[in-house]
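Chemist: All chains should be modelled from the sequences, with the hints used to inform the complete structure.
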Amino acid sequence: EDQVTQSPEALRLQEGESSSLNCSYTVSGLRGLFWYRQDPGKGPEFLFTLYSAGEEKEKERLKATLTKKESFLHITAPKPEDSATYLCAVRGGGSNYKLTFGKGTLLTVNP
Amino acid sequence: NAGVTQTPKFQVLKTGQSMTLQCAQDMNHNSMYWYRQDPGMGLRLIYYSASEGTTDKGEVPNGYNVSRLNKREFSLRLESAAPSQTSVYFCASRTPTGTSGGWSEQFFGPGTRLTVL
Numbered sequence: 653e654d655q656v657t658q659s660p661e662a663l664r665l666q667e668g669e670s671s672s673l674n675c676s677y678t679v680s681g682l683r684g685l686f687w688y689r690q691d692p693g694k695g696p697e698f699l700f701t702l703y704s705a706g707e708e709k710e711k712e713r714l715k716a717t718l719t720k721k722e723s724f725l726h727i728t729a730p731k732p733e734d735s736a737t738y739l740c741a742v743r744g745g746g747s748n749y750k751l752t753f754g755k756g757t758l759l760t761v762n763p
Numbered sequence: 030n031a032g033v034t035q036t037p038k039f040q041v042l043k044t045g046q047s048m049t050l051q052c053a054q055d056m057n058h059n060s061m062y063w064y065r066q067d068p069g070m071g072l073r074l075i076y077y078s079a080s081e082g083t084t085d086k087g088e089v090p091n092g093y094n095v096s097r098l099n100k101r102e103f104s105l106r107l108e109s110a111a112p113s114q115t116s117v118y119f120c121a122s123r124t125p126t127g128t129s130g131g132w133s134e135q136f137f138g139p140g141t142r143l144t145v146l
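Here the protein sequences come in this chain order: A and B. At position 94 of the first sequence the residue is numbered 746 (our numbering), and the sequence of numbers has no breaks. At position 62 of the second sequence the residue is numbered 91 (our numbering), and the sequence of numbers has no breaks.
There could be a bad hint or two in this list.
In silico BS3-like cross-links for lysine-lysine, where the CA-CA straight-line distance does not exceed 27 Å [said to hold, decoys possible]:
hint, chain 1, residue 1, chain 2, residue 2
1, B, LYS38, A, LYS755
2, B, LYS38, A, LYS694
3, A, LYS715, A, LYS694
4, B, LYS43, A, LYS694
5, B, LYS86, A, LYS755
6, B, LYS86, A, LYS750
7, A, LYS755, A, LYS715
8, A, LYS750, A, LYS694
9, B, LYS100, A, LYS750
10, A, LYS694, A, LYS731
11, B, LYS86, B, LYS43
12, B, LYS38, A, LYS750
13, B, LYS86, A, LYS694
14, A, LYS709, A, LYS721
15, B, LYS86, B, LYS100
16, A, LYS715, A, LYS731
17, B, LYS100, A, LYS709
18, A, LYS709, A, LYS720
Pulled a few chain B residues facing chain A out of the computed Cβ check, cut under 7 Å [as the list claims (entries may be wrong)]:
hint, residue
19, GLY71
20, LEU72
21, LEU74
22, ALA79
23, GLY82
24, PHE119
25, GLU134
26, PHE137
27, GLY138
28, GLY140
Honestly, the hints are just simulated from the structure, not real lab data. Every residue, glycine too, gets a C-beta built ideally from N, C-alpha and C.
Modeler: Here it is as structure tokens:
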């Protein structure tokens, strides 16, 4: 069974203080690792897809990286508007349609 | 292009009542999904529809039924609501192929917040 563990559960940063969120996964044949952002009261918003170890994707202050066991979401010089819950999900080789989600990391960036 | 829309946004039911949550997408996506999100549990798949005319159970299907009415619409029905079904329900849709050529991302609706008393 595919499993996803995100850490920390919550992270509080000062504006401009860079940090990383972790997503550890166990899957049988990774077919894709997905990062989403979720604002309070809204649905998840897609950020990145990573398919193979060594792959990196960037968007503004966010950079996602992937190894064979985990993914990191690096946040460089965050701003208060980066405050949200960040979700990680994986698609394993045994499932054509199912994503397994982690519980998320709640990021708060203080001005 | 509205993306994925869900109705209603909020609903309060009494135990035993029934209701249908509606979902529609205007992106011509083949696959559609229903999830529930509970505090400390993450998103869990209830049912999905790989294409028009097909539906399959996900991780937590008990107490729910679905209908893929056409390519655009995918509804979720609670026949006899229970307090354990208090949750936020999200509908999502997905194209067959992603921007990188692999399995594509899912696009989520804004959610329906359901309380069962």
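Chemist: Straight-line Cα separation of LYS750 (chain A) and LYS694 (chain A) no greater than 27 Å?
Modeler: Measuring from Cα to Cα gives roughly 21 Å; hence the hint holds.
Chemist: Could you grab the alpha-carbon distance between LYS694 (chain A) and LYS731 (chain A) and see if it respects the 27 Å cut-off?
Modeler: Roughly 20 Å separates the two Cα atoms, so the pair holds.
Chemist: Would you check the hint for LYS38 (chain B) and LYS694 (chain A), treating anything up to 27 Å between C-alpha atoms as holding?
Modeler: 11 Å, holds
Chemist: Taking only the CA atoms, is the gap from LYS86 (chain B) to LYS750 (chain A) under or equal to 27 Å?
Modeler: It holds: about 10 Å lies between the C-alpha atoms, which stays within 27 Å.
Chemist: Holds or violated: is the Cβ of PHE137 (chain B) closer than 7 Å to a Cβ in chain A?
Modeler: 3 Å, holds
Chemist: Is the straight-line distance between the alpha-carbon of LYS755 (chain A) and that of LYS715 (chain A) 27 Å or less?
Modeler: The given pair, whose Cα atoms are some 20 Å apart, holds under the 27 Å limit.
Chemist: Checking one constraint from the list: CA of LYS100 (chain B) to CA of LYS709 (chain A), max 27 Å. Satisfied?
Modeler: With Cα atoms ~32 Å apart, LYS100 (chain B) and LYS709 (chain A) exceed 27 Å; violated.
Chemist: Check whether the Cα positions of LYS715 (chain A) and LYS731 (chain A) lie no farther apart than 27 Å.
Modeler: 15 Å, holds
Chemist: Under the criterion that the straight-line Cα-Cα distance not exceed 27 Å, is the pair LYS86 (chain B), LYS694 (chain A) satisfied?
Modeler: Cα-Cα ~25 Å, so holds.
Chemist: So, GLY140 (chain B) near chain A? Judge it on the closest CB pair being under 7 Å.
Modeler: Check passed: Cβ of GLY140 (chain B) comes within 5 Å of chain A, closer than 7 Å.
Chemist: Checking one constraint from the list: CA of LYS86 (chain B) to CA of LYS100 (chain B), max 27 Å. Satisfied?
Modeler: Holds, because 18 Å separates the two Cα atoms, which is no more than 27 Å.
Chemist: Hey, LYS715 (chain A) versus LYS694 (chain A), does the alpha-carbon distance stay inside 27 Å?
Modeler: Within the cut-off at roughly 23 Å; holds.
Violated hints, listed in ascending order, are 17 and 23; each of the other numbered hints is respected by the structure.
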